[in-house]
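S.K.: Here is what each chain is made of, one letter per residue.
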Amino acid sequence: MNIINIAFDIFQYKLIMKGMKILYMNQTDNYEPLVPYMPENPVPGYAYVPYQINPLYFNNINEAFVHGTVFPELVTPYSEFFQRGVQS
Amino acid sequence: MINNRYNQLFNEESSMLLDIQKLQFAIYDLSLYLDTHPNDPVALYKHNMLTQQLQQLRSTYEERFGILSIMGNESGNTWRYINSPWPWER
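For the record, the sequence lines run as chains A and B. Each residue of the first sequence is one higher than the one before, starting from 487 at the first, in the numbering used here. Each residue of the second sequence is one higher than the one before, starting from 290 at the first, in the numbering used here.
Hints may be right or wrong, so weigh each one.
[Unchecked claim] Computed list of lysine to any residue pairs in SDA-like fashion (alpha-carbon distance at most 20 Å, straight line):
#1 B/311 - A/561
#2 B/311 - A/546
#3 B/335 - A/548
#4 B/311 - A/554
#5 B/311 - A/551
#6 B/335 - A/538
#7 B/335 - A/519
#8 B/311 - A/558
#9 B/311 - A/545
#10 B/335 - A/518
#11 B/311 - B/357
#12 B/335 - A/545
#13 B/335 - A/553
#14 B/311 - A/560
#15 B/335 - A/547
#16 B/335 - A/554
Hints were generated in silico from the structure; no laboratory data involved.
Model the full assembly from the supplied sequences, consistent with the hints where possible.
M.R.: So, in structure tokens, the structure goes:
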């Protein structure tokens, strides 16, 4: 165990003593989301927002600026709805 | 001639300001994501990368055109902060 690991353990211990939540960071650096994509037991009639997991990013910052988000999956093409009209 | 130079400088300043706004927007959006995904290494990397870019761009802008906010460090001989138009003059 090197000095960095010892320092990290002391840091975590101090956080626990303060009652703070420790964020899970695996030693292998594999990203594990803090919460599941959806609840394990979803209740019918309740609204849930799916959690973003490993999202894609716009490479071009100009494109992100135009779309209003850095995540392509969050781009909601409202203009298409206006073009084709509201379906009854 | 002077007008052309002024227009060129004004365009450069505007385009740099727009770039700063774009970077600030992307950093803000990433920080919102990081609030709910604090251990996502990709988002953290992108956030750090954009923050560094913003820092460089801000320092370049402030050297050339004056500070962006009163918390900045004026590198010129005069207080250039008052040169920028007031919000109601834009």
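S.K.: Hint by hint, work out which the structure violates, then give me just those numbers in ascending order.
M.R.: none
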